[in-house]
Amino acid sequence: MSDYIVEMKHITKRFPGIVANDDVSIGIKKGEIFALLGENGAGKSTLMSILGGMYEPDEGEVYIRGKKVQISSPNHAAKLNIGMVHQHFKLVSDYTITENIILGVEPIKKFAGLFPYVDIRNANRKIEELSKNFGLEVDPTKKIADLTVSMQQRVEILKVLYREAEILIFDEPTAVLTPQEIDFLLGIIEGLRNGGKTIILITHKLEEIKKVADRCAVLNKGKLVGMLDVKETSTKQMAQLMVGREVNFESDKAPAVMKEEVLKVEHLTVKNEDGFEVVKDVSFTIHSGEIFAIAGVADNGQVEIADAIAGLTKVNGGKIFLEGKDITNESIRNRTEMGISYIPEDRQSFGLVLDFELSTNLALKQYYREPLSSKGVLNKEEFEQFGSKLIDKYDIRSGQGTKTQVRSMSGGNQQKAIIAREIELQSPLMIFVQPTRGVDIGAIENIHKMMIHERDQGKAILLISLELDEIMNVADTIGVIYNGRLQKIASSESLTTNEVGEYMMGAKHE
Amino acid sequence: MDTIIIDGLSFALPLFIMAIGGIYSEKSGITNLALEGFQGFGAFIGALSAVLIAHATGTDIQNLFYVSLLFAMIGGMAFSVIHAVLSIKFKADQVISGVVINILALALTTFLTTQINAIVFGAASDKFRLGVSERFTIEGLANIPVIGAVFTNVYPFEVIIIVIAFFAWYLLYKTKFGMRLRASGENPHSVDAAGVNVSKIRFSAVLISGLLSGLGGICFAYSISANFSSNIYMGYGFLAIAALIFGNWRILPTLAACLLFGFAKSGGAFIAQSMALPSSFTDLFMILPYVLTLLLLIFFSKSNRAPRALGEIYDKGKR
Amino acid sequence: MSKDKKIKSLRYNLIRPMSNEKWQPISIPIVSILISFIAAAIVILLIGKNPLQAFYNLFQGAGILPKPSYAGYKSMLTDFLSLLNAMTPLVFASLAVAVAFKAGLFNIGVSGQMLVSGFLATIVVGYSGLDAIIAKPLVLVIGMVAGGLMGGLVGWLKYKFNINEVVSTIMLNYIAQYVISFFIQMYYIDPVSRQSKYISEAARLTLVNVEIANLKMDIPLGFILAIIIAILLKFVMDKTVVGFEIKAVGSNRNAAKYAGINVGRNTVLAMVISGGLAGLAGVTYYLGYFSSIQPKVLSSIGFDSIAVSLLGNSHPIGVIFSSFLISIIDQGSTYMSSQAGIRQEISSVIIGLILLFSACGAYLKHKVSRLKEKEVDQKESES
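Chains A, B and C, in that order, give the protein sequences. Under this note's numbering, the very last position in the first sequence is 510; numbers go up by exactly one each time. Under this note's numbering, the very last position in the second sequence is 319; numbers go up by exactly one each time. Under this note's numbering, the very last position in the third sequence is 383; numbers go up by exactly one each time.
Check each hint, because a few of them may be wrong.
[Stated by the list, open to error] Heads up, simulated DSS-like pairs for lysine-lysine below, C-alpha to C-alpha not over 25 Å straight-line:
(1) A:Lys109 to B:Lys176
(2) C:Lys367 to B:Lys89
(3) C:Lys367 to A:Lys314
(4) C:Lys234 to A:Lys375
Think of the hints as simulated: they come from the structure by calculation, not from any bench.
Take these sequences, add in the hints, and give me the full structure.
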């Protein structure tokens, strides 16, 4: 018997068109924190999905506690005491914490010895106990909808612990957290290890690995390229292995040359569908030649600010000025015409019509104008030409050129198409919401370069991102939002990452 | 006044049980416009089994009420398999599937009714005669003013429906099946991650809606129409859908909506009768439930919240 | 060849013609129709009749194949013209469904919209005694406007109050049915036929019993209009800004809104067009194919049109072909029933089955592409 609790040998997994895992072998020791490092699409999640029972490998073997197993379902994985904390939370927002945790493993009691029912009261007690034992205090009767992101993550962790997992897989757990929350979480993870659990940490953030992990496997394009002892390796070495070349962490960027005011937001208030104020009395200005970034934890009102400026959501109070003109009540079309480009957060449900061709999507903001159409009649040839031009200029890769159905394109290329379309409008104001989400590192660098280039051309840029690193790298001015309010606006040089993090949690404000 | 309550209840309760079927299906995430077809097909199978058994054994068709009830539920459930397969396995658009099923139910049952009448009974008829189920009155309670009408001339099926409705509530809100079903309609990924098969849950939810709709359909056939014919497709299923939308996909408020429809209908008929208007005026009063539906929808549609994942095709392969 | 392999190759050959994506809009409906006819044949066999005979009679009755004998003044040509006459309202109705569908809306209220516009045209023009030259165009205009308004109402309710159009159109169907039945029975009833009184020949959109070459034929004027409008609609949907916007709204409301398209206006507009087309279906039906209205009955065309539109892939030209097919099934059923002794109602069953299998189209498409992927994989592993 080997000393590994988990062993994966020669794992190969193919999907149509790509080999997600190519002969990968790893072994994980009981009671260690094992990190899995790699870029988006390097095959980390696939490998762990095999361990979690979501996929079956095409080739290779899995051993748990020395026994060969074929993990056929998440249920089976749970039986082997393997639990996964998902990156995208899988919670029912209408249900209480308890209901979410017990879903699938409900404790049953019988009424009058005949009618079985779910014993919520007992479950509440058990979960309260459990949460105290692991330092993850929650109120089990609260609904998910009322919880912050980091609390929701606690529920995900508790879900796994409730199922008595010994091997815990964390899939990019820090992506949505503030620096302080990250520290707390890493503390929890270390605590779990010290309590005897085995932890697998999927991440692309090197500092985290450096902080808590014992060993680290590096994947690149589906292949295992390194198995490292974390203490003896520098972050620089890890990064090189991960990307396969030297990387430049900081983007080169000349200091901003700010000119006239382009966007001015005054006392903006926005209510959501349920009538809650999600943006409260927000004021800021962006100048020509400035990148203004809004930092914040997800769902704190930042997306609503972008929607309000672009006209997608109704404004309940305050005013918005573009180049001095009041656009608070203008239609979306008029705002585009007056000069707003908008790269939305949700590219599939807002940015693109997935069933339309690529050229049509590239023309989505200009189809009604000359030369793409005249007198209400579309000119298909012009659509083609316009599409081809953008495809070349922005290097959009697709199967059948302008005729490709956007649905069949990769996420990265879909994003490129949107960015191409929006930059091509050459609007004085460009709004980027999470422009690099789900895009690989090479493309991220590229998108950052494009933003800085447009800034240098005199555009005003509003960047909304959940990635604090991105904001610290690119922004000239940072506004930090918490609970719908801008807590702080300052130039990026005057703020440290930690300070921004404190403002993001509402721990500090002016 | 009493007739309004008596007729109103006997209309509202079958509607209510169909609406509960709709709630099951939609709470699990499957849009269900096929209730109309389910209830018609269920009633067809119920009526068919009654006339066939009566024909074979010589039993009075009145006595076969419970048998036909049972068969109607089986029939409705069997037909609902089409919707389940189309919208869960074949991943067809759920609205299209529902509409298609309604059209198919009408065509199929009309054809089969005439065909079977011709072959088995040698009669050129497009209906199965059933008669009206017997009613009972609880003495004592029936004498209470106003409320007494609730206990007067009650169809047995009204009691059955109330019992089943209570059980349906228990199943949906107290058991693990109900908990998983409701979660499937809100966030199927969470159910999947919990190791529960979403498709299975949804499949059974659609079958339950078929079963309950069949029950509702045969109740109408054995009361208002006293026969089975294509007249069963009066839009009961759609009224049930409207009722569950006002009811915000919850059982008790849905009951209130159904009662409202029932009393609007019986009240309208009562007014037309008591004012001794010519028969064509009943047509005018017939529109009351439908107009009411539209008006109520105008007020309620915006504030109501459908199950979050309703109508979305669930593809678990995607991460 | 083993049995298993045989089945595989059979499946392969069945699916192969559908694997070309370009032809899928045509090949998949054809496969659905074939499967439906096979299913219908099984039903007919179960009753103990000959399905081939029945289908042959179906085509004879519709004027596609010659009957052994004809009554006086009748021929295959007159039968065929009757087919076109019956087909005209179906084309309009199916276009109505198709336009709404392009905008992501389900117009199940075609029957009600037909009835309202047919009724209004009947009482305003049909009983007026106006000259044909004014009456006929006026009928069309009233039909279009009445249907358009009713469709627009549905669009407005959807956009303004978020009322599911399926529910609202069905409610309006019932309301229209009862209200109009009331008016007909109160004011316009013909005591003999128990229908509304017949309209003047001048207002009628079909020229009936025109004697040419010793044949008495019905000439449906609306048919030509239906073809023109179908072509016009294809142009509007494919080539104009209006069509582009409607399709964008239908494909992805959020993205359409984001692109600056007025979603509300386009929702209402699509329903107005759809209702207007349904109105034309109504006038060509009640003031063309028929010349009176039966109270308390909704025409089945409104529902058949959903089948036709689905089958025609919501494409204006496709709709012409699919209406042609459905009309044949409908029109031929009487003759089939008298010749083969099969109940006429089977025709709606066949239509229902076609509809059912068309609804599985998306699944078929998915299956076909999966099979293709497998094929590629196999080839790769073999080589």
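Verification of the supplied hints:
Among the hinted pairs, A:Lys109 with B:Lys176 is consistent with the structure: their alpha-carbon atoms are about 11 Å apart, no more than 25 Å. Taking the CA atoms of C:Lys367 and B:Lys89, the gap is about 12 Å. The hint holds against a cut of 25 Å. At roughly 43 Å between alpha-carbon atoms, C:Lys367 and A:Lys314 are farther apart than 25 Å, so this suggested pair is violated. Only pairs whose Cα atoms come within 25 Å are accepted, and C:Lys234 paired with A:Lys375 is accepted, the gap being roughly 17 Å.
In this structure, the one hint that does not hold is number 3.
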